[in-house]
Amino acid sequence: MLDHLPPPRLTKGKATEPSTSAAVAGEIDPTVPWYLQVCTLTRLRRHREALAVLRHADPSPPPHALALPSALICCAALSLPSGVAQVHALAAKRGLVPASDSYILSALLSSYCRLGLLPCARQLLDEMPAASTPPATVLTAFNSLISGCALHALTPACFALFRRMRVHVAGLRFNAVTLLALLPVAPATVVPQLQALAAQSGLASRTTVANCLISVYGRSSPTLARQVFDEMPLATRDLVSWTAVLSAHAQGGLAVDALELYRRMRGHGVEPDALTLVGVLSSCSHLAARSVGLDVDRYVRQRLPGFRANVQLCSALINFHARCGSLPQAQQLFDEMPRKSIVSWTALITGYGMHGHGDIAINFFQRMVSQGIRPDNVSMVALLSACSHAGKYEEGCKYFFAMESTYKLRPTLEHYACMVDLLGRAGRLEEARELISSMPMPADGSVWGALLGACKIHKNVEAGEEAFKHVIMLEPSNVGYYVLMANMYTDSGQQDGVARVRAMMRERGLKKEPGRTQVVRSSVNGRRPLASTGEENL
DNA sequence: TTAGGGTTAG
Numbered sequence: 001m002l003d004h005l006p007p008p009r010l011t012k013g014k015a016t017e018p019s020t021s022a023a024v025a026g027e028i029d030p031t032v033p034w035y036l037q038v039c040t041l042t043r044l045r046r047h048r049e050a051l052a053v054l055r056h057a058d059p060s061p062p063p064h065a066l067a068l069p070s071a072l073i074c075c076a077a078l079s080l081p082s083g084v085a086q087v088h089a090l091a092a093k094r095g096l097v098p099a100s101d102s103y104i105l106s107a108l109l110s111s112y113c114r115l116g117l118l119p120c121a122r123q124l125l126d127e128m129p130a131a132s133t134p135p136a137t138v139l140t141a142f143n144s145l146i147s148g149c150a151l152h153a154l155t156p157a158c159f160a161l162f163r164r165m166r167v168h169v170a171g172l173r174f175n176a177v178t179l180l181a182l183l184p185v186a187p188a189t190v191v192p193q194l195q196a197l198a199a200q201s202g203l204a205s206r207t208t209v210a211n212c213l214i215s216v217y218g219r220s221s222p223t224l225a226r227q228v229f230d231e232m233p234l235a236t237r238d239l240v241s242w243t244a245v246l247s248a249h250a251q252g253g254l255a256v257d258a259l260e261l262y263r264r265m266r267g268h269g270v271e272p273d274a275l276t277l278v279g280v281l282s283s284c285s286h287l288a289a290r291s292v293g294l295d296v297d298r299y300v301r302q303r304l305p306g307f308r309a310n311v312q313l314c315s316a317l318i319n320f321h322a323r324c325g326s327l328p329q330a331q332q333l334f335d336e337m338p339r340k341s342i343v344s345w346t347a348l349i350t351g352y353g354m355h356g357h358g359d360i361a362i363n364f365f366q367r368m369v370s371q372g373i374r375p376d377n378v379s380m381v382a383l384l385s386a387c388s389h390a391g392k393y394e395e396g397c398k399y400f401f402a403m404e405s406t407y408k409l410r411p412t413l414e415h416y417a418c419m420v421d422l423l424g425r426a427g428r429l430e431e432a433r434e435l436i437s438s439m440p441m442p443a444d445g446s447v448w449g450a451l452l453g454a455c456k457i458h459k460n461v462e463a464g465e466e467a468f469k470h471v472i473m474l475e476p477s478n479v480g481y482y483v484l485m486a487n488m489y490t491d492s493g494q495q496d497g498v499a500r501v502r503a504m505m506r507e508r509g510l511k512k513e514p515g516r517t518q519v520v521r522s523s524v525n526g527r528r529p530l531a532s533t534g535e536e537n538l
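Counted from 1, the first sequence has number 391 at position 391 by full-length UniProt numbering; the numbering is strictly sequential.
Check before you lean on any hint, since a few could be wrong.
What the hints assert, rightly or not - In the EDC-like style, the derived pairs of lysine to aspartate or glutamate whose C-alpha atoms are separated by at most 16 Å in a straight line are:
| no. | residue 1 | residue 2 |
| --- | --- | --- |
| 1 | K93 | E127 |
| 2 | K459 | D491 |
| 3 | K456 | E466 |
| 4 | K456 | E404 |
| 5 | K408 | D376 |
| 6 | K398 | D444 |
| 7 | K456 | E430 |
| 8 | K340 | D376 |
| 9 | K459 | E430 |
| 10 | K469 | D444 |
To be verified - Estimated spans, in silico, between C-beta atoms of each pair:
| no. | residue 1 | residue 2 | range |
| --- | --- | --- | --- |
| 11 | M441 | E466 | 14 to 22 Å |
| 12 | Q366 | E260 | 39 to 47 Å |
| 13 | S492 | P338 | 49 to 57 Å |
| 14 | A160 | E336 | 42 to 50 Å |
| 15 | S370 | T236 | 47 to 55 Å |
| 16 | A402 | A288 | 27 to 35 Å |
| 17 | R163 | Q123 | 18 to 26 Å |
| 18 | E127 | L294 | 57 to 65 Å |
| 19 | L294 | E430 | 23 to 31 Å |
| 20 | Y103 | S79 | 28 to 36 Å |
| 21 | M473 | G356 | 29 to 37 Å |
| 22 | S79 | K512 | 56 to 64 Å |
Since the hints were made in silico from the structure, they are not lab data. Glycine included, every Cβ here is placed at the ideal spot set by N, Cα and C.
Please construct the entire structure, taking both the sequences and the accompanying hints into account.
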C-alpha cells in the first residue's frame, strides 16, 4: 500500500526527533505486528519511518484498520496530500468511510484540514449518511471539522458547523471537545455564552474545559481567568490549570500575582514544567525578581536536562538574565541554543539595548537579519529602543525608515513612541513634535508620554505642558505622568505649577504610591485581544 | 480520532 508515495528520507534521529533512540529501541519490537509498529512510530512522531514500515507491509491480508489513522497523521505531518487521498480511497473501498469508523473518519477530516484541503473535508462530512451513522460518530466528525476550521481561524465556519451539529446530533448535541475547539476562536462576546452552555450541560466541571476557559479569558482579563480558576474544586486543578492562570496574570502585567500563584502552586506540591516556568520567568523579568528567577534557572538546569532545545523556555531565561541578571549569562544561553527563534534574538537585543549597549544590539539585529529571519514589530521596537537608549540617533532613524521600505512593516504606536523617545532624548523636541503630527493614527499615551519624558530631560516646560495636556486626557489615572510634570515644575522652580498638578491629582483621587515614581504602563496596552472576527451568536 | 497551559517591546 501507499506505493505511490515518495520514498522517505530517513533522518538520523537528531534533534528533530523528539525521542531518543534508546527509548525507541525499547518500544519498537520487531516481533510485534507491523501495524502496531506504525502506530508506535506515529506516536513518537517518526512519521517517515512509520510510512516506510507501511509501504513495505505485506499486502495480504489487507492493511489492518488500526494502521490507517496513523498513516493519515503521518501524511498530514509530512504534507503529503496524495497519501491522504490514497488512504481515503482504501478506507472507502473497505466501507470504513463515510460512516462506519469514527477513528478513520475523524483522522481523514483532520488530515484534510491540516493540509488546507477544507473542501475535501467538507465533502466527506456532507456524504455522511445522517440516518444510519451512530450519533457518537456524527459528533466526532463535526468536532474534527470544527477543530480543522479553528486551525485556520475560520471562526464563522466553526460556528456555522456548531449550529448545524446541534440540529443533526440527536441527544448528544456537543461535548467537551466541541467546546475546546470553539473557545479559542470565539469572539469575546461569545465566550461567556459558551461558558453558560458548558455550565448547563455539566461540562464546565471538566478540568480541560475549565483550563481552556482560563486560558481564553486570560488573554484579555486575568480577573475573569482567576474567577474560573477559583471556582474549580481544589482536587480538579491540575498543572495546566495552574499554568494557565499563572500565565494569564503574567501576560496581563500582574507579575506579583503570578509569582504568588507560583508560590501557592508549589505549596500544593504541584511540580512545574517548562511551560509553567516560562510564565514565572516572564514575571521575574518584569519585577526584576532576581532570586526567584535564579531559583528557576537552577531548577531548569537540574530537572529539565533537555531545556536548551526548548526555544520558548530558553528565550524566557535569556530575557530574565538579560534584564535583571547578567548579559554574559544571557549570551551564553543564546550561544548554546541549537535553534533560535526571533523571540530569542529579540530578548538578547532588548537586553543589550536596555543596558546601553546599542552597538551590540544593532550588531545582533544585523546578524539576525543576515540569517534570514525577517524582523517583526517586536524586534523593531527592541532595536529602536536600543538606539534610543544609546543615543544612536542616525541609526534609529535609518532603521525606522527601513521598516516600511525594507522589511514591509507598518510602524505602530509603539514604534512611534520609540522614535519620539529617540528624537526627544537627542534634544530634537521640535522634530519629535512634528513626527507626532505626521502620524497616520492618533497618538496614544505612550507617544505623548515619551515626549513628556524628553521635555523633562531637556527642561522644556512649555513643550512639556502640551504633552502633559494630551497624556492625561488619554491616560487620566496614570500617576507617573503627573509626577513627571510636577518634577519638571520643581526643577524649574515653578512652585505654582507643582501645586496645580497636586490639586489635579487630589481632584482625581490619585495618590503617588511610594517607590513608584516611574511612568506606569497602561494596563490595556500590549495585550492580545480576544478574537473578534465576525459577529457570532449561538 | 477530534481536545486544555507558553516566550520577545516602552
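Quiz item: Is it true that the C-beta distance of A160 to E336 lies inside 42 to 50 Å, as the hint says?
Solution: 48 Å, holds
Quiz prompt | K456 paired with E430 [C-alpha distance capped at 16 Å] | solution = Holds - the C-alpha atoms of E430 and K456 are around 14 Å apart, at most 16 Å.
Practice problem: Using the beta carbons of E127 and L294, state whether their distance is inside 57 to 65 Å or not. | Solution: At 59 Å between Cβs, range holds.
Practice problem: Could you check the hint for me, namely that M441 and E466 are 14 to 22 Å apart, CB to CB? | Solution: About 19 Å separates the Cβ atoms of M441 and E466, which means 14 to 22 Å holds.
Quiz item: Are the Cα positions of K459 and E430 separated by 16 Å at most?
Solution: 14 Å, holds
Quiz item: Is the hinted pair K398 and D444 satisfied, with a Cα-Cα distance of at most 16 Å?
Solution: 24 Å, violated
Practice problem: Decide if the proposed pair is consistent with the structure: K469 and D444, CA atoms, cutoff 16 Å inclusive. | Solution: 12 Å, holds
Quiz item: Is the gap between the beta carbons of R163 and Q123 within 18 to 26 Å?
Solution: 19 Å, holds
Quiz prompt | Outcome of range test on Cβ distance (Y103, S79; 28 to 36 Å) | solution = Given about 22 Å between the Cβ atoms, the range is violated.
Practice problem: Below or equal to 16 Å on CA atoms is what counts here, so check K408 against D376. | Solution: 9 Å, holds
Quiz item: Taking 27 to 35 Å as the hint, is the beta-carbon distance of A402 and A288 inside that range?
Solution: Cβ of A402 to Cβ of A288: about 32 Å, so the range 27 to 35 Å holds.
Quiz item: At the C-beta level, are L294 and E430 separated by a distance inside 23 to 31 Å?
Solution: 46 Å, violated
The structure fails hints 4, 6, 19, 20 (numbered hints given earlier, in ascending order).
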